[in-house]
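In order, the protein sequence lines correspond to chains A and B. With our numbering applied, the first sequence covers 358 to 852. With our numbering applied, the second sequence covers 6 to 461.
Among the hints, a few may not be true.
[Unchecked claim] Straight line, CA to CA, 25 Å or less: simulated BS3-like cross-link-like pairs of lysine-lysine:
1) A/398 x B/310
2) A/752 x A/649
3) A/649 x A/753
4) A/361 x B/310
5) B/312 x A/752
6) A/806 x A/753
7) B/364 x A/818
8) B/312 x A/403
9) A/818 x B/312
10) A/361 x B/312
11) A/398 x A/361
12) A/818 x A/728
13) A/361 x A/806
14) A/752 x A/728
15) B/364 x A/376
16) A/806 x A/722
17) B/364 x A/393
18) B/364 x A/397
Worth flagging that the hints you see were computed from the coordinates, not collected in a lab. Just so it is clear, the structure is predicted and the values come from calculations on it, not from any experiment.
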Amino acid sequence: MMFKQATFEEPLLFDLGRKGRSGIDIPGEGDRDLAKTIPKKMARQKLQLPEISQVEVVRHFTRLSQMNWGIDIGPYPLGSCTMKYNPRINEDLAWADEAQGIHPLQDIETVQGALEIMYRLERALTTITGMSRFTLQPAAGAQGELTGCLIIRNYHRLRGESRDEIIVPDSAHGTNPASASMAGFKVVEVPTGDDGCINLEMLQAALSDRTAGMMMTNPNTLGIFENRAKKIAELIHGAGGLMYYDGANLQGIVGIVKPGDLGFDLVHLNLHKTFATPHGGGGPGAGPVGVKANLAEFLPVPLVERTRDGYRLEWDRPLSIGKVRGAFGSFPILLRAYAYLLSMGTSGLETSCKVAVLNTNYFAKRISGIKGLTIPFGNAMRKHEVAISAEAMFKKTGINALDIAKALLDRGLHAPTIYFPLIVKECLMFEFTDTETLESIDRYVDALKDISRMAYSEPEKLRASPLRTSVTRLDEVRANHPLTMCLRYRGKRPD
Amino acid sequence: MLEKHPYIPNDSSVLSEMLQAIGISNLSEMFLDVPISNFGSEGLQRQPLDEYSMVGQMKSLLSRNKNYGNRSFIGGGPWTHFVPGVIRHIISRGEFLTAYTPYQPEISQGLLQSLFEFQSLICELYGMGVANASMYDLPTAIGEAALLCARVTGRQTFLVPSSIPWEKKSVLRNYIEPQGMAVREVPYDAQSGNMDLARLREAVDEGVSGVYLETPSFFGTIEPDLTSVADVAHHAGSLFVVGADPISMGSFRAPGEGGADIAVGDGQPLGIPPGFGGNGLGLMACVDEPKLVRQLPGRIVGLTKTKDGTRDGFVLALSTREQHIRRGRATSNICTNESLLAIAATVYLALLGQEGLTKLSRVILNRTAYAVERLQALGLAVRFSGMHFRDFVVEVSDPGGVNSDLRRLGFSGGRELGTDFQELDRGLLFATTEIHTYDDIDNFAEALQKAAGGRK
């Protein structure tokens, strides 16, 4: 398939427009000027913003958008990111005046719809995960992790225990150790065994009376289901710790098994992954946290309660950790997720999981045998994602995972996650979600075959890629070198 | 069998082909290692809903919300500002909306350039050297700023004015207490609502990592003299962090002009509707000093060139600070932030431009002055002297009752301050923006007088 990304030499906003132009009228501009003159000490000294007309602004951002990839343009198989189609109807709903125009401090009677959406979403999430209650507050997955870790911290504190270690497998997302650290824990890393699952002996050796809990992703980032999850939970519980489920990979089991049935005590979910709300180029997202009944008292305030007189916000929760962000949650994202859940039902979620797993295993099978690519950590059936190693190709041809990623871009296919998980050398981590077509997956297989052939015959051509994107390969060293680093319009220019 | 669903293209028609390629005969063979749960149908129905039926349910739920429009005067944020129509169209473009974080820069230049422009605009607004590509919201940006101050100074106490609301204090505690750090409050000046310099001087010592100040304050009052506060902070060797409203920057001294090392802000007023509080956008910037820049949390976009040197382009810079590289030792765990809303703010500032922002801040200043004047003329007590921007506190004898009456009269009521501030248990926090005409304000003032007057 022919691909050439739009290319504009689009100036920065600051280099557009003309003195005195503006793109919008301000209500009340012509009114009487009543306010006092601002004393010199308080007044703005200097302000320089661009001056651009409306049509120029629209063209600028439309052109920029055309130099950007999105699910709407083609497949986006980033492993652990679950880039599924974002249903357009949910956008219409999220932009309703009754969703965008409402204020969190309005009287409760005038936001009953919003509260019921939150209440119903919470109930749906508890059903899907086997948890007892959810907070919808966290702004993203990583903030959900922080919230979860704070709950673990307060749980032990209340019991008078000074447990300060969180166990994290070496295959974990980087956010896990980062979140545990933010919550004041020391991170203890446990290695992955040859079968791609957590090494139980090493895990047992890591347990002590300092163990506060374990953060686990299941299926893990190799795409393998940790089938000893229940056993691991027993070990952690036996040592006095709590089990935390990183929901980034829920797609691999959603609608099949509840994390709660696997022994997990807390979970966070990424609504912008499993539940099809848009990523928006990096947010807003939502990272609700669910807990078993014994931890519910620690959840952030407020929670939505249903009473005979309707829905209300419950603030009086003395053991709550308080707040992790200003708002009750990313309401427009929560609304989209609930609309998606209605569109799916638990049966649709089960189908979504099965198809995602089918897609990824189909892909894994079809690429096995491509020269230079291997699937490490055994033959177990993968779930929704698969980590491929290009180490063999790199050793023989010098073509690495980054080159392969760029070569895919040139074929009109977004690259997978690369160089993660860290335990796979020259890693390419693919996740084909349930909304991807068989034809797209086949295109990836064909593209990888072609890239492998070129790696062994004309590698220099691959190293030159990408050539069909808006810009060719970028110099990351220059971007980070103190002498050339430029982080704003007025910064040092790279040349 | 695979159920048919409009969002799931691979169905039973391709199932056998795919299973055959995998070398298995049915779907369940892929899940042999996974236990099966029973989901019931109580929390979520079993069968998918078609689009028409789903929309019916959602609309019926939404119809039970009331949008107060220009009869909303709730203070303390989020605020209802005028949102230009262009914004929704730009941020609804699938190329932005359905993109991931730009890990592959060559195919994501649109997003990267937009975020670079966002950073540049925030630097201009705040008079700062480097801004990140956004934080979740202002409370978390304050939390991250406190952590940043501690990393840079090696000190453990962060000072905040007691005038910030409970939710900010709570978030801040959750961000810094696990690191063994403490928040200490400096009582605000009871007359002006602003920073009490004498109390600040008493509170600052060699254990203080940073001094936080907000302008306008939570009560809407403008800090009269940033530089003096900066001097007190710097004299003790601590950093100065200013939380400034971005629209007020059209008229008032920027954090950078007043000696701040770090600026944070609530970006929601920049072309983003309230969304039940859920459209948070945190702004964060610092002076261009390597010891601060290298410790700044969050995504940062940098300008670079193509490897062949022929063209400019953008990439995520300084990623060695971040969790995916540094894991447990990262500056923060943040990855997903508020990119799309940062683009909304960028479009907003581009539309407004230089004159627009200056005029808009003046319009809001006028509206607020008018509201305060009208309320006082009607005999109502407006708390705190000095210049107000957008927010203001009115003291009444029974805030809860007044709110109920205001609602009966068709207005949204104000934020009751008694739960956050014992000493302000008669206080209601209101706000007025450019969407309120002088007539709207007259109507509101009269309603408030009626509500308050009936309860004396």
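Verification of the hints:
For the given pair, residue 398 of chain A sits about 42 Å from residue 310 of chain B by alpha-carbon distance, which is inconsistent with the 25 Å threshold. Of the supplied pair hints, the one linking residue 752 of chain A and residue 649 of chain A is violated, its CA atoms being roughly 48 Å apart against a limit of 25 Å. The straight-line distance between the Cα atoms of residue 649 of chain A and residue 753 of chain A is roughly 51 Å, outside the 25 Å bound, and the hint therefore fails. For a cut-off of 25 Å, the pair hint linking residue 361 of chain A to residue 310 of chain B stands: about 20 Å separates their Cα positions.
Between residue 312 of chain B and residue 752 of chain A the CA atoms are separated by roughly 23 Å; this keeps the pair inside 25 Å, and the hint holds. Between the alpha carbons of residue 806 of chain A and residue 753 of chain A the distance comes to roughly 16 Å, so the proposed pair stays at or under 25 Å and holds. As the CA atoms of residue 364 of chain B and residue 818 of chain A are separated by approximately 55 Å, the hinted pair breaks the 25 Å bound. For the suggested pair residue 312 of chain B and residue 403 of chain A, the alpha carbons sit about 37 Å apart, so the restraint of at most 25 Å is broken.
Between residue 818 of chain A and residue 312 of chain B the alpha-carbon distance is near 15 Å, which keeps this suggested pair within the 25 Å criterion. A distance of roughly 19 Å separates the Cα atoms of residue 361 of chain A and residue 312 of chain B; the hinted pair therefore holds under the 25 Å criterion. Pair hint residue 398 of chain A plus residue 361 of chain A does not hold up; C-alpha atoms about 54 Å apart against a cutoff of 25 Å. Of the supplied pair hints, the one linking residue 818 of chain A and residue 728 of chain A holds, its CA atoms being roughly 18 Å apart against a limit of 25 Å.
A C-alpha spacing of about 21 Å is found between residue 361 of chain A and residue 806 of chain A, which places the hinted pair at or below 25 Å, so the restraint holds. Of the pairs offered as hints, the one joining residue 752 of chain A and residue 728 of chain A holds, with about 12 Å between alpha carbons and a cut-off of 25 Å not exceeded. Proximity of residue 364 of chain B to residue 376 of chain A is assessed by CA-CA distance (about 15 Å); at most 25 Å being required, the pair is judged to hold. As the CA atoms of residue 806 of chain A and residue 722 of chain A are separated by approximately 13 Å, the hinted pair is consistent with the 25 Å bound.
Distance check on the hinted pair: residue 364 of chain B and residue 393 of chain A sit about 15 Å apart at the alpha-carbon level, within 25 Å; holds. With a CA separation close to 18 Å, the supplied pair residue 364 of chain B and residue 397 of chain A stays within the 25 Å bound.
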